[in-house]
Structure formats: C-alpha cells, structure tokens
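Work out the full structure: start from the sequences and follow the hints.
Sequences listed follow chains C and U, in order.
Numbering of the first sequence is given in my numbering, commencing with residue 455 and proceeding in unit increments.
Numbering of the second sequence is given in my numbering, commencing with residue 5 and proceeding in unit increments.
Derived from the structure by calculation, the hints contain no laboratory data.
If you're wondering where the values come from, they're calculated on a predicted model, not measured in any experiment.
We treat Cβ as the ideally placed atom computed from N, Cα and C, and that holds for glycine.
Possibly wrong hints are sitting among the right ones.
To list a few chain U residues with every Cβ distance to chain C over 10 Å, as calculated [claimed, not checked]:
| no. | residue |
| --- | --- |
| 1 | 12 |
| 2 | 16 |
| 3 | 47 |
| 4 | 66 |
| 5 | 139 |
| 6 | 141 |
| 7 | 150 |
| 8 | 264 |
| 9 | 271 |
Facing chain C, from chain U, some residues (calculated, C-beta under 7 Å) [unchecked claim]:
| no. | residue |
| --- | --- |
| 10 | 5 |
| 11 | 7 |
| 12 | 9 |
| 13 | 11 |
| 14 | 13 |
| 15 | 39 |
| 16 | 43 |
| 17 | 46 |
| 18 | 107 |
| 19 | 109 |
| 20 | 112 |
| 21 | 113 |
| 22 | 191 |
| 23 | 194 |
The primary structure of each chain is shown beneath.
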Amino acid sequence: MSMNTVKIKVNGRLIVKEIESRWLLSDFLRDKLGLTGTHVGCEHGVCGACTVLIDGEPVRSCLMLAVQADGLEVETVESLAEDDGSLHPIQKAFANNHALQCGFCTPGFLMSVKNFMEIHPDVPTDEEIREAISGNLCRCTGYSNIIKAVKEAYVLKC
Amino acid sequence: MKPPKFSYLRPNNLSEALEMLAEYGDEAKIMSGGQSLIPLLNMRLSTPAYIIDIGRVEELKGIRDEEDSIVIGGMTRHADVEKSPLVREKCPLLSEGIRWVGHNQIRTRGTIGGSIAHADPSAELPCMLTALRGEIVIVSNEEEIILSPEEFFLSYLLTSLEPNQLVKEIRFPKIKKGSGYAFEEVARRHGDFALVEVAAVIELNTDGTIAEAKIALGGANSVPFIPEGTEGFLIGKLPDDSILKEAAVLQIDELDPEGDIHGSKEYRRYLSGVLLERALYKAVERAREGVIA
Numbered sequence: 455m456s457m458n459t460v461k462i463k464v465n466g467r468l469i470v471k472e473i474e475s476r477w478l479l480s481d482f483l484r485d486k487l488g489l490t491g492t493h494v495g496c497e498h499g500v501c502g503a504c505t506v507l508i509d510g511e512p513v514r515s516c517l518m519l520a521v522q523a524d525g526l527e528v529e530t531v532e533s534l535a536e537d538d539g540s541l542h543p544i545q546k547a548f549a550n551n552h553a554l555q556c557g558f559c560t561p562g563f564l565m566s567v568k569n570f571m572e573i574h575p576d577v578p579t580d581e582e583i584r585e586a587i588s589g590n591l592c593r594c595t596g597y598s599n600i601i602k603a604v605k606e607a608y609v610l611k612c
Numbered sequence: 005m006k007p008p009k010f011s012y013l014r015p016n017n018l019s020e021a022l023e024m025l026a027e028y029g030d031e032a033k034i035m036s037g038g039q040s041l042i043p044l045l046n047m048r049l050s051t052p053a054y055i056i057d058i059g060r061v062e063e064l065k066g067i068r069d070e071e072d073s074i075v076i077g078g079m080t081r082h083a084d085v086e087k088s089p090l091v092r093e094k095c096p097l098l099s100e101g102i103r104w105v106g107h108n109q110i111r112t113r114g115t116i117g118g119s120i121a122h123a124d125p126s127a128e129l130p131c132m133l134t135a136l137r138g139e140i141v142i143v144s145n146e147e148e149i150i151l152s153p154e155e156f157f158l159s160y161l162l163t164s165l166e167p168n169q170l171v172k173e174i175r176f177p178k179i180k181k182g183s184g185y186a187f188e189e190v191a192r193r194h195g196d197f198a199l200v201e202v203a204a205v206i207e208l209n210t211d212g213t214i215a216e217a218k219i220a221l222g223g224a225n226s227v228p229f230i231p232e233g234t235e236g237f238l239i240g241k242l243p244d245d246s247i248l249k250e251a252a253v254l255q256i257d258e259l260d261p262e263g264d265i266h267g268s269k270e271y272r273r274y275l276s277g278v279l280l281e282r283a284l285y286k287a288v289e290r291a292r293e294g295v296i297a
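Here is the structure:
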C-alpha cells in the first residue's frame, strides 16, 4: 500500500493526514474529513456534482487524487454559508427561485457558479449562464430556474 | 468505482521524471492533468503499478513564442491556452477549438500534452495539431525527438510513445498572413466528445485563389484524417460556393467512423461533409476579410 502525507488547506483549515495514494479527492473530503456536502454522482467526470474549487478554480474532485491536492487550497460547498448559518447570496438565490428540487446536484452547481461570478463580474446573458453551468448535470429540477437563480445571485451580490 | 492500488511518484523536475520513467516505464503511467487517466483508473480499465505525477514539473509548463511556432509545454493546462492572448493572436484556430474541450471544470486540470498522448480520435487537440501540421517533441532519458502527428498517432488511443518517453512540448505553427481558419464540431451536448469535428486553415493568393489548404477531420477514423485529395483539389481554385460544396464531399467514402448509439457510421460520414463545407466556407470568409493581416 502506498501511503503519502498530505497537507491540504480545506475551507481555510490546514489538514495534515496520511492517506493511501489511490484515494480520490472527493472520497477524501467525504470519508476522511466528513465534508459530505460534496456529492459523488458518476465518478468519472461527467455529472459535475463533485465540483469543488482548487486554488479558486472549479475542478471535478472525482477526477483528482487527494495526493495531487497536496499543498493546494480546496473550497467545498461547506465554505459558502456563514458560521451563524446565514446563506451565501448564491444559495439564497437558489432557494428563492426553486433552483433545487432533490438537491443532489446543487453543491456542484453552487461551486461552479461561485467561480463563474468571480471571473465574470458583469451580469451575464442567458447564453453565457448556460455555458457556465454546462459542466453540471441536473436530472430533476430543470435548468430554467437555475438560470433565474444565477441572475438573481448577481442582484443579491450587489 | 475507485482507483486500484498503485505507488505514487511525484518528480520535482524533468530529469527526475525521466529517471523514474526509465526505471518503472513498463509498469508506470504518466499522469499530467488526470482528466482521461483517472476515469480509466476509476473504471479499472488501467491498472498501472506506478503513477508518475508530472504536475509539479515546471519545465513542462508554459507557452513560448518562437519564430514559426507557438510552443506549448506538455503540462500546460487547457485553461491557460484558452486565456492566452499570444495564442489568440498567433494561433487563433487553437483558441477557437480549445473551447470545445470538455467543460471549464475539465479544462482547469486537463493538459495539452495529456490530450495529445491520450490520442482519442474524437479529441480536439489531435485534430487541430494534425490540421496545422504541428510537431510533437518527445523526450526520454536518452534522447529528444520530434515527430509529426502522422508519425505519432498510430490508432485509437495508441501512439508511438515508448515506455521511457513522455511528451515534452507541442509546436503549433503560427497562422500566415492572408489566411483564414475554422473549427467546426457536432457533439450531443456541449463538452461531450465530438461525433465529428473539422479543423481547417485556408490561405488565399492576392487574386483570391487558394494558395494552401490544410484540413483534418477528427472522430471520422482511428486517427485524425488529412484529406490530401481535397486539399490538392482546392489549390489554385477560386473558392466559390459550388467548389467548396464539391470539395467537402470528395473523400467522404474514405472515412471510416465507428457507429454507435449516438450516431451511425453513415450519419457521421454525412456529418463530416456538412462540417467540412461549413469549415471551408468560414475559413475562406475569414481569409477574405483579412482577419490575419
């Protein structure tokens, strides 16, 4: 068994752990750190449910080994809400617009949208939003309300 | 779906990486961005004893401006190429086509060298590199060699890479004055692998006739396909609609795409002609507009 010690900053907290090299980042977050907000859907990089931010950029955590994240900074959906439980503007906008039904895909959408709003500060067109969320699959809510929510997130942010 | 057991090696520089490859090559797999390799590990289609993660090898990262080419290190991520003003100016085909590679979440991790070495016949980079007549620089602890795409891509997911070699950098020729370019693709959803894709560069003479045509089709054969007959047919001709229409279907019968649930062999052949016509039309338009002056 190949063990490696990793130092990863997760949601601002430095984690030092010895792990097996074959652990995926998604499983590391969920099973070793208990951060079960990151959902695991397809496990081969198609559905986007496991999207997290690595050094600020959106990445599929099922397509990354935890050892690859050694020395990097990871943000998961748990980093969005405040400590007192008040929601992030993107989360509020999703709730206001019924942009989640079962909620399984939602953490991935939230993290993708967070990055999109950072790199795209101007209010986007529907077309741009569709492209921005094209790497995230939703099988029950439908995309129309998600697009509405992204637009509202831009309003709430101001 | 979890990766099988393997030993993880992370070289800090190129010479360390090449030493590791020389020692473990037969049982090792290079990991750059991991966006093709990790699904293969998750599905247990690949079970290497060693994984050599070249993610921290700085010598393999970056985009360089050389005389005739833009040279991109194998470990350079798609997202960095997509954002590069240098690439947009000197090699606009690449900027256009790279946006078709997966999704943003894939392009932030996936690399140029990884895509070339994986050699999926439907992937965008092998197709664009073949159309541009670029070169692949391969290195081992013994030597450095330069191969053309035709020498490098052997078949579906198969390249000429030996176990002790890795893709060091890729040379994409710069676009010439008086040229136009186009990348056309049809995929079932944005970000999926292409059903068929076409990359084309057309250079016009001052009298409006075609001086040079460089074309490749992806997803239509086991390796990117250069329609040499079509390229030859176009040279010297004034590209009006009927000529482009005729050129686009000239070699359709030579294509041998795999048919599957997403599209039959016949459909993909037909689509190749449609996309080639669109690509030629757009490339000629751009050349006429003098986009590259």
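Say whether it holds or is violated: residue 47 (chain U) keeps its Cβ farther than 10 Å from all Cβ of chain C. violated, 6 Å
For the hint on residue 112 (chain U), just tell me whether its beta-carbon gets within less than 7 Å of chain C. holds, 4 Å
With 7 Å as the cut and Cβ atoms as the points, is residue 39 (chain U) at the interface with chain C? holds, 6 Å
Using Cβ atoms only, decide whether residue 7 (chain U) comes closer than 7 Å to chain C, and label the hint accordingly. holds, 4 Å
Once the shortest beta carbon distance from residue 46 (chain U) to chain C is found, is it less than 7 Å? holds, 5 Å
Given residue 5 (chain U) as an interface hint, is the shortest Cβ-Cβ distance to chain C below 7 Å? holds, 4 Å
Is the shortest C-beta separation between residue 194 (chain U) and chain C less than 7 Å? holds, 4 Å
Quick check on residue 113 (chain U) please, does its C-beta sit within 7 Å of some C-beta on chain C? holds, 6 Å
Can you verify the interface hint for residue 109 (chain U): is its Cβ closer than 7 Å to any Cβ in chain C? Since chain C brings a Cβ to about 5 Å from residue 109 (chain U), closer than 7 Å, the hint holds.
Please check whether the beta-carbon of residue 271 (chain U) is more than 10 Å away from every beta-carbon in chain C. Answer for residue 271 (chain U): holds, closest chain C Cβ roughly 23 Å.
Non-interface label on residue 150 (chain U), tested against every C-beta of chain C at 10 Å: Non-interface label stands for residue 150 (chain U): nearest chain C Cβ at 30 Å, farther than 10 Å.
Would the hint on residue 107 (chain U) be counted as holding, given a Cβ-Cβ threshold of 7 Å to chain C? Nearest chain C Cβ about 3 Å off; hint holds.
Checked against the numbered hints given earlier, this structure breaks hints 1, 3, 14 and 22; the rest are met.
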